[in-house]
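When you get a sec, could you build the whole thing from the sequences and use the hints?
So the sequence lines, in the order shown, correspond to chains A and B. Going by our numbering, the first sequence opens with residue 428, and the numbers climb by one from there. Going by our numbering, the second sequence opens with residue 334, and the numbers climb by one from there.
The hints are simulated quantities; they were obtained by calculation from the structure and are not laboratory data. Among the clues, some could well be false.
DSBU-like cross-link-like pairs, simulated, lysine-lysine; straight-line CA separation at most 30 Å [as the list claims (entries may be wrong)]:
1. A:LYS645 / A:LYS703
2. B:LYS534 / B:LYS576
3. A:LYS645 / A:LYS704
4. B:LYS530 / B:LYS576
5. A:LYS645 / A:LYS583
6. B:LYS480 / A:LYS645
7. B:LYS480 / A:LYS699
8. B:LYS534 / B:LYS355
9. B:LYS461 / A:LYS645
10. B:LYS534 / B:LYS480
11. B:LYS480 / A:LYS695
12. B:LYS355 / B:LYS576
13. A:LYS703 / B:LYS480
14. A:LYS645 / A:LYS699
15. A:LYS645 / A:LYS695
16. A:LYS583 / B:LYS461
17. B:LYS480 / A:LYS583
18. B:LYS461 / B:LYS530
19. B:LYS461 / B:LYS534
20. B:LYS480 / B:LYS530
For reference, the chains in residue letters:
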Amino acid sequence: MNIVSFILEPFSYPFMQNALLTLILVSFTSGILGVYVIVRRMAFIGDALAHTALPGVVAAFFLGWELFWGGLVAAIITSLIISWFSRSQEIHEDTAIGIAFTGMFALGIALMSVLRTFRDLLHVLFGNILAVNQNTLVLIAVVSTLVLLIAFFLRKELVWTSVDPIHASTQGLSPHLIRTILLLLIAVVVTVDIQAVGVVLTSSLLITPAASANLLTKRLIHFTALAVLLCLIGGIIGLYASYYLSISSGAAIVLTNTLIFGFIWTIKMIGKSHGKKNKTTANY
Amino acid sequence: MLPYGGRHRHASVPNSPALECKGLTVHHRGQLEPALVDIWLKIPRGAAVALVGANGAGKSTLLKTIAGLLTPSSGTISVLGQERGNCFHRVSYLPQRSEIDWHFPISLKELVLMGRYVHLGWFQSPTKEDHEKAAWAINELNLFNLKNRQIGELSGGQQQRALLARCLIQDSVILLLDEPLNAVDPETVSIIQNVLKHQLKMGKTILMATHDVDRIDNPFDGVLFLHQGREVQPPHAFNYPIKIGKESFA
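This is the structure in structure tokens:
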């Protein structure tokens with residue numbers, strides 16, 4: 428097999444073309460929102476929202492709805508609950524997230540066992556981007572465009588309330604409102620991501636590429652572009668790995684992202700220790 | 334323009350003081366002991382006033398309450414003769430450095446530009462004029478060579494100057510400054526003092542918190558001493574041209 432057919436062959440199949448388009452959409456939404464998840468130290472929330480989508484997905488499956496909508500409703504409800512707890516301050520936010528996260532996920536597992544749907548919903552837990560059909564792809568495209576438009580128009584407010592929420596507050600902008608909007612956007616994005624890598628691994632699409640990008644730059648615009656790019660690169664390599672090595676697509680994508688992070692981190696650490704050595708030598 | 338918080342921008346009431354607090358008592362959330370008790374304050378326009386007291390005296394609480402970050406349990410605040418909140422765009426607040434996420438990947442110039450956001454409101458991006466104002470303020474604070482540096486890579490003094498530059502481009506008439514000279518280098522102290530003197534000449538009103546009595550010298554027109562949330566008499570004889578505490582209401 429020559430290199431051209433190695434590259435092109437997987438995408439001669441419609442299911443791989445759908446997977447690639449899904450991946451492109453997911454990379455933009457996850458990469459851009461992942462930046463805010465990282466800089467606002469909200470990694471735990473991303474993971475929690477993905478897990479809390481499970482009972483919604485199971486309920487949707489039972490009722491015969493599109494699974495996406497079930498997951499979305501559950502994730503949105505959870506994000507509003509988290510937002511309410513973080514405002515009331517009666518319970519620490521991470522405690523509230525921990526309770527909602529495990530409680531909702533347990534409810535999802537319980538529903539799956541009651542409805543005996545473990546096998547039918549296994550792809551929801553671990554994802555199968557290769558199973559995304561035309562209808563779901565259109566749905567993902569519409570939802571992703573909406574998320575990107577909102578994130579674009581609110582970019583000034585998102586940055587302002589991330590850097591200095593107190594200053595924003597003194598000028599009449601409620602950091603709590605922006606945080607709630609951000610949580611809702613993350614809820615939508617994790618529901619989309621579930622289609623690609625499943626409930627269990629979704630947070631890695633939000634967190635790992637953005638964390639890798641964070642190691643490489645200190646400018647927000649570069650950070651965002653790199654997060655999108657790394658998410659896409661990790662996803663495409665993952666798709667090839669899944670195709671040629673016959674491993675689960677979700678796991679392949681997440682593993683690739685993790686390896687990219689490990690590679691960048693190692694290079695950065697080596698560069699740092701070299702820099703230190705050179706500095707010490709120069710001092711002598 | 335779509336203003337934040339749906340607030341309206343009211344014109345100031347002619348001949349009203351810049352700031353007036355009457356019987357202000359403030360509790361921190363969940364605490365029975367008040368952080369401020371019965372504070373009276375009247376600051377005429379164009380005056381420079383120092384809030385002096387040890388750590389925990391209530392200086393930051395008073396500034397935050399005037400800035401709209403805390404809600405008083407009792408008492409009233411008026412800004413330029415209007416209810417607090419109606420003139421919020423005319424008041425700029427310089428927080429303590431520790432209250433900002435300095436790791437955020439933005440440059441000094443982008444931080445300073447935030448001073449213009451109140452005039453832009455929802456969805457609007459900074460204009461050429463906003464960028465020019467930011468460049469002017471960055472120059473004033475002697476930060477021009479650092480304008481593209483990530484904010485976390487600045488020294489403490491440079492960060493403090495960046496925050497003051499952000500206050501300057503807001504076009505406010507009242508500056509609330511929380512310990513701007515605390516733990517900064519002598520160069521920064523000198524630059525900030527010069528800039529503040531210039532602001533006073535332009536008719537701005539300054540209310541500045543400090544725990545260091547030695548910092549109080551000629552630029553101030555009045556001083557309010559706080560101890561455990563209450564106005565107290567100065568520890569030794571100070572002679573300032575205007576009374577701004579409870580006496581000013583007598």
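Each hint, compared with the structure:
1. Between LYS645 (chain A) and LYS703 (chain A), the direct Cα distance comes to roughly 20 Å. Compliance with the 30 Å bound is thereby established for this hinted pair.
2. Between LYS534 (chain B) and LYS576 (chain B), the direct Cα distance comes to roughly 20 Å. Compliance with the 30 Å bound is thereby established for this hinted pair.
3. Restraint check: the Cα-Cα separation between LYS645 (chain A) and LYS704 (chain A) comes to about 23 Å, which is no more than 30 Å; the hinted pair holds.
4. With a C-alpha separation of about 20 Å, the suggested pair LYS530 (chain B) and LYS576 (chain B) falls inside the 30 Å cut-off, and the hint holds.
5. Annotation: proposed proximity of LYS645 (chain A) to LYS583 (chain A) holds, straight-line Cα distance about 17 Å (limit 30 Å).
6. Proximity of LYS480 (chain B) to LYS645 (chain A) is assessed by CA-CA distance (about 14 Å); at most 30 Å being required, the pair is judged to hold.
7. A hinted pair counts as satisfied when its Cα atoms are at most 30 Å apart, and LYS480 (chain B) with LYS699 (chain A) qualifies at roughly 25 Å.
8. Using a Cα cut-off of 30 Å, the hinted pair LYS534 (chain B) and LYS355 (chain B) holds, with the two alpha carbons roughly 28 Å apart.
9. With a C-alpha separation of about 24 Å, the suggested pair LYS461 (chain B) and LYS645 (chain A) falls inside the 30 Å cut-off, and the hint holds.
10. At roughly 27 Å between alpha-carbon atoms, LYS534 (chain B) and LYS480 (chain B) fall within 30 Å of each other, so this suggested pair holds.
11. For the given pair, LYS480 (chain B) sits about 26 Å from LYS695 (chain A) by alpha-carbon distance, which is consistent with the 30 Å threshold.
12. A distance of roughly 15 Å separates the Cα atoms of LYS355 (chain B) and LYS576 (chain B); the hinted pair therefore holds under the 30 Å criterion.
13. A distance of roughly 27 Å separates the Cα atoms of LYS703 (chain A) and LYS480 (chain B); the hinted pair therefore holds under the 30 Å criterion.
14. The hinted pair formed by LYS645 (chain A) and LYS699 (chain A) meets the criterion: a straight-line CA distance of about 16 Å does not exceed 30 Å.
15. For the given pair, LYS645 (chain A) sits about 14 Å from LYS695 (chain A) by alpha-carbon distance, which is consistent with the 30 Å threshold.
16. Under the criterion of a C-alpha separation no larger than 30 Å, the hint pairing LYS583 (chain A) with LYS461 (chain B) is consistent with the structure, at around 16 Å.
17. With a CA separation close to 19 Å, the supplied pair LYS480 (chain B) and LYS583 (chain A) stays within the 30 Å bound.
18. For the suggested pair LYS461 (chain B) and LYS530 (chain B), the alpha carbons sit about 28 Å apart, so the restraint of at most 30 Å is met.
19. Restraint check for LYS461 (chain B) and LYS534 (chain B): satisfied, since their Cα atoms lie roughly 27 Å apart, inside the 30 Å limit.
20. Our distance criterion of 30 Å between C-alpha atoms is met by LYS480 (chain B) and LYS530 (chain B), whose separation comes to about 24 Å.
In summary, this structure violates none of the numbered hints.
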